[in-house]
Amino acid sequence: MKSSELAVLFKHRRRKNREKLLDRGFKTFSVAMASSVAIILFAILILIFTGSLESINKYGAEFLVTSEWNPVTDKYGAWAAIYGTIVTSILSLIIAIPLGVGTAIFLTENIIPSSITNFAGMMIELLAAIPSVVLGLWAIFVMEPFIRPFLLYLYHNFGWLPIFSSEPIGPGMAPAILILSIMILPIITSIARDSLNQVPQNLRQAAYGIGATRWTTIFNVILPAAISGITGGVLLALGRAMGETMAVTMIIGNSLSFNLSILAPGNTIAAMLANQFGEADGSQVSSLMYAALILMILTLTINMFAQWLVKKLSLKY
Amino acid sequence: MKEKNHNLYKFNLSYNLLSRRNIVDKLFSILAGIFCLIVIAPLFLVIIYVIVKGSSQISSVLFTQLPEPPGDDLINAGGIGNAIQGTLIVTAISTVISIPIGVGGGIYLAEYSTNGPFARFIRFGANVLAGVPSIIAGVFVYGSIVSTKILFNNSYSAIAGGIALSILMLPTVLKTTDEGLKLVSDNLRKGSLAIGASKFTTITKIILPNAFTPIATGILLAIARAAGETAPLIFTALFSFYWVDNINSIFEPIASLSVLIYNFALEPYEAQNELAWAASFVLVLFLLILNIIARLLGRYTGTMK
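Residue numbers (the working numbering), protein chains in the order written: chain A, 1 to 317; chain B, 1 to 305.
The set of hints was computed from the structure by calculation and includes no laboratory data. For every residue, glycine included, the Cβ atom is placed at its ideal position computed from N, Cα and C. Keep in mind that a hint or two might mislead.
Cβ-Cβ distance ranges computed for the label pairs, FRET-style [claimed, not checked]:
1) A:113 / B:27: 52 to 62 Å
2) B:195 / A:18: 14 to 24 Å
3) A:312 / B:193: 31 to 41 Å
Straight-line alpha carbon distances no greater than 20 Å define the calculated SDA-like cross-link-like pairs of lysine to any residue that follow [unchecked claim]:
4) A:311 / B:120
5) B:149 / A:281
6) B:175 / A:281
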């Protein structure tokens, strides 16, 4: 074939302008869509920050440590809600970590046949699919009446401890802590399962080979190897617990005053937002935005740290 | 030498069930099993309660009637017809918004980006956005759309609720698209480009159809999550006691199953509480079916690989 003939052939294959335009347009479209994720994230931060400026200027850091929340006198302090957010999320983590990690070990370390573990794993993932508002409904009508005798027992026998120093009257921080731990269990379990599955089989075989029992292997070899992923999962669960709204709002009692006791009604930042934002006006909106900003900073920091930790430590194997 | 041999015989190499280390080992296994049961128990308890309390109220009235405002009628609370309709509409709006953005962004990450700082930043941003509390999405949409009345001077609306939900769906859709596209064999890309197809044709005709199941799984899971969300809706979509009967209603407050459960669970009237259980039954059934379909789809992709 002569080169002139080839040139004719290639001329026929030259792309039409319309096709080129479409190609370029599609790339621009996909870049724009990808950027929108960043734009939304920044827009959220900017909107909440500008919304809370008025309150930041007025109260400053005092907002974080005072607990008077009074729309009538226009005096706002979020300490009660911040305390509630931290206490409920930390205590629910303390309940959920052993349960979740124990379950993950049970489901990955070949203790029972894999058909049962697959079924149980699916059940736990379906637990994550139950909407939080339904868990809240269940907490109000089923769980709270059921656990109240235990809480009363705590009050009567350990009432001298400041955290059990008030009589349980129904909604309160303790039932909120329990419902939160139910909600974060699926996250901890599934991330811990993934990290345990990623531990190389060689490590297990080596440990068994030198005569270690199953649980010696788990405690001394497998858990240390998987700790980065598990910690990441726990931090993600902490972020989720801090931002969890509906179930907590429905069961925590939404008290505006500060109370050290976990048996008393309390509040969290998310619950306060859910309760008051719709009806708020004036400087109350700004104060709620300030509280939202605190929540946002808390969850963002925890999430970023979790991502960093998982990425940094997962390179080991 | 003889002494040493004798010592060796004292070691019994067969498995001794009653030795301390084996008993401790068994105890730990049993403890882990108990933990597993404790973790699964709430699922069964919640599902059983929702079925027992909710399914007894399933009737044609439930699906065809409007809910009664609390306190009007102490015995009959009406139905949840408009809440089912509202949940479907708001979820549909959020799906329509989040699919082009999420799939488009995912295509950029998997097909165009060279894993440079911008792409890494977007992936990081998607993970961060996934961790933003859902109530914050509600506050954001309230501040940017509801209170500014930017949508044709309407404040609370189905659109605002849909936008708030789409913020929650977006990271899931984007990440599953990104990961689904990466699973497609590179040979397909090279083959398509080699026979002269443009990048656009390659992506839309070859890559996307091949990654359909993982992307569809991700979208279904995102829809299932959004349909059960309440926090972003309570001050964006609000609630309504009426049907949606024309297209303009999407600019007005709209009912949804989750907000109905929230509002009616806190009412002091038993009729409303019962209706909340009925709504929970319908919602949980809907979400479990969506989840199971998504999981079956995911398993189907798993066998394809």
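For each hint, the structure was consulted:
1. One distance hint, 52 to 62 Å for the beta-carbon pair residue 113 (chain A) and residue 27 (chain B), is violated here, with the actual separation near 21 Å.
2. The supplied range of 14 to 24 Å is met by residue 195 (chain B) and residue 18 (chain A), whose beta-carbon atoms lie about 20 Å from each other.
3. For the hinted restraint 31 to 41 Å between residue 312 (chain A) and residue 193 (chain B), the CB-CB distance of approximately 36 Å keeps it satisfied.
4. For the given pair, residue 311 (chain A) sits about 13 Å from residue 120 (chain B) by alpha-carbon distance, which is consistent with the 20 Å threshold.
5. A distance of roughly 15 Å separates the Cα atoms of residue 149 (chain B) and residue 281 (chain A); the hinted pair therefore holds under the 20 Å criterion.
6. With a CA separation close to 38 Å, the supplied pair residue 175 (chain B) and residue 281 (chain A) exceeds the 20 Å bound.
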